[in-house]
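Each protein sequence line maps, in turn, to chains A and B. The letter at position 5 of the first sequence is residue 863 when you use this note's numbering, and the numbering goes up by one with no holes. The letter at position 79 of the second sequence is residue 277 when you use this note's numbering, and the numbering goes up by one with no holes.
It is possible that some hints are incorrect.
[Unchecked claim] Here are the simulated DSS-like pairs of lysine-lysine, each with C-alpha atoms no more than 25 Å apart in a straight line:
#1 A:K891 - B:K211
#2 B:K270 - B:K258
#3 A:K866 - A:K978
#4 B:K218 - A:K891
#5 A:K866 - A:K981
#6 A:K898 - A:K947
[As the list claims (entries may be wrong)] To list a few chain A residues with every Cβ distance to chain B over 12 Å, as calculated:
#7 E871
#8 V872
#9 P874
#10 G902
#11 H917
#12 I921
#13 E923
#14 E925
#15 Y930
#16 A1038
Hints were generated in silico from the structure; no laboratory data involved. All values derive from a computational prediction rather than experimental measurement. Ideal placement from N, C-alpha and C gives every residue a C-beta, glycine not left out.
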Amino acid sequence: MLDTHTRKHGYTEVSPPYLANERSLFGTANLPKFEDDLFKTTDGYYLIPTAEVPLTNMHQGEILEGEDLPIYYTAYTACFRREAGAAGKETRGMIRVHQFHKVELMKSVRPGQGSEELEKLVKDAEVIVQALELPYRRVHLCTGDMGHQPQQTFDLEGYFPGMDRWLELSSCSQYGDYQARRCNTRTVHSVHELGFGLRAHYGGDPGKLPAGKRNCGDPRSITPLYGRDGRDSASYAVAGRLTNLARRWSFP
Amino acid sequence: MLDRRLVREDPEKIRQALEKRGYEFDLDALIAVEAQRRQLLQTVESRRAEKNELSEQIAKAMREGGDAATLKERSSQIGTELAALEQELNEAEQCFEQMMLDLPNIPLDEVPVGESEQDNVVMYEVGEPPKFDFTPRPHWEIGELLGILDFEGAARMAGARFVTDVGAGATLERR
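Next up, chain A with everything else stripped away, as it sits in the complex (with noise of 0.2 Å):
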């Protein structure tokens, strides 16, 4: 998937460090806010939460040229997160973990493009979805189901038949120059000072594709296809499926 994506979508890959320093974590504006969901090693550091954080400190402090724009991100790594306000939910399963693996793309672009961006990146995460063979559907979030820092935001979400619900595969946000200022990140012919534009993401990963969304959990691309199959106790019937699919999966 990663692949799909640096080979097909244009994205560079990036293999960042999995602890973050302070600065970097007021950047994404986990902090000061949301402490509560991260590990903290005794050196200082926080393990990161998501890829979101070091590819949104790439270009910290700096100052990018109107050529160097747009910037296509996309990282592999594992997440932490600590899950404080989840006691006594989603208690079972690999859906809210304090360890798991996603895909990240980010992308820095001209104000003014960050719709269009958006609706790219959006297509970008779908690819991947359709070659899972998962039935999904695209949501529009509300204001008030919307992250801190996005401006606005669309969501996969797929059907898990075992649990009966519709759970967010990934999730595509744009942040206008909301993160940028708060990294200090800054280009030289934009109109204002700090107009960077737009900030997008997509947690999505290989096996998993999950969603970067802050405390809503992350359902993986993979849970429903352990159900999708099926076959009640006869499920042995999907070992050898599962086994193919993790062979022979193909992407575009």
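Given chain A's structure and the hints, the job is docking chain B onto it.
For chain B alone, coordinates are given in the frame of chain A:
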């Protein structure tokens, strides 16, 4: 973080955004802190100018052999006032910055207004959810039956809310 100019130039835009989000935030306090900060900044700047002017006068008086004592006393008085004002300005600046960090982003006009996920708008659906003539198992049961998800082992080696992927499970994890 939002553009700080918005706080004094178009606070209504921020107010509407907060209402739409149902986010509790004391915008009036932020506006007051910003007004106070600007007021302090102006005072500090005029006092600095005054002090500079006095310094020039003192230098001139000393060059010309006049009495600079009164001027010096006035200058040191302003210096003390200035230090206190700068401290206040610094505190107002930090208070403002702190509050700005808590302010959420402004939703675009096209975002549906609502309170919870019940109010999200489904734009389109692709494919059909599968139907079964039996009750499908949840993924953790299937994963355990297949021996490719190990929750118990993960709980022993780490704790709750961890999973170990084994065999095909591990392959799926990295695909």
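So, going through the hints one by one against the coordinates:
1. A:K891 - B:K211: holds, 23 Å
2. B:K270 - B:K258: holds, 12 Å
3. A:K866 - A:K978: holds, 12 Å
4. B:K218 - A:K891: Roughly 20 Å separates the two Cα atoms, so the pair holds.
5. A:K866 - A:K981: holds, 12 Å
6. A:K898 - A:K947: Roughly 23 Å between the alpha carbons, so the hint for K898 (chain A) and K947 (chain A) holds.
7. E871: Since the minimum Cβ distance to chain B is about 14 Å, E871 (chain A) lies beyond 12 Å and the statement holds.
8. V872: About 17 Å separates V872 (chain A) from the closest Cβ of chain B, which puts it past 12 Å; holds.
9. P874: holds, 17 Å
10. G902: Non-interface label stands for G902 (chain A): nearest chain B Cβ at 19 Å, farther than 12 Å.
11. H917: Nearest chain B Cβ is 16 Å from H917 (chain A), so the label holds.
12. I921: The claim stands: I921 (chain A) keeps its Cβ more than 12 Å from every Cβ of chain B (closest is about 17 Å).
13. E923: holds, 22 Å
14. E925: Holds: least Cβ distance 24 Å, greater than 12 Å.
15. Y930: holds, 22 Å
16. A1038: The claim is violated: A1038 (chain A) sits with its nearest Cβ about 9 Å from chain B, within 12 Å.
In the structure shown, a violation is registered for the earlier hint numbered 16 alone.
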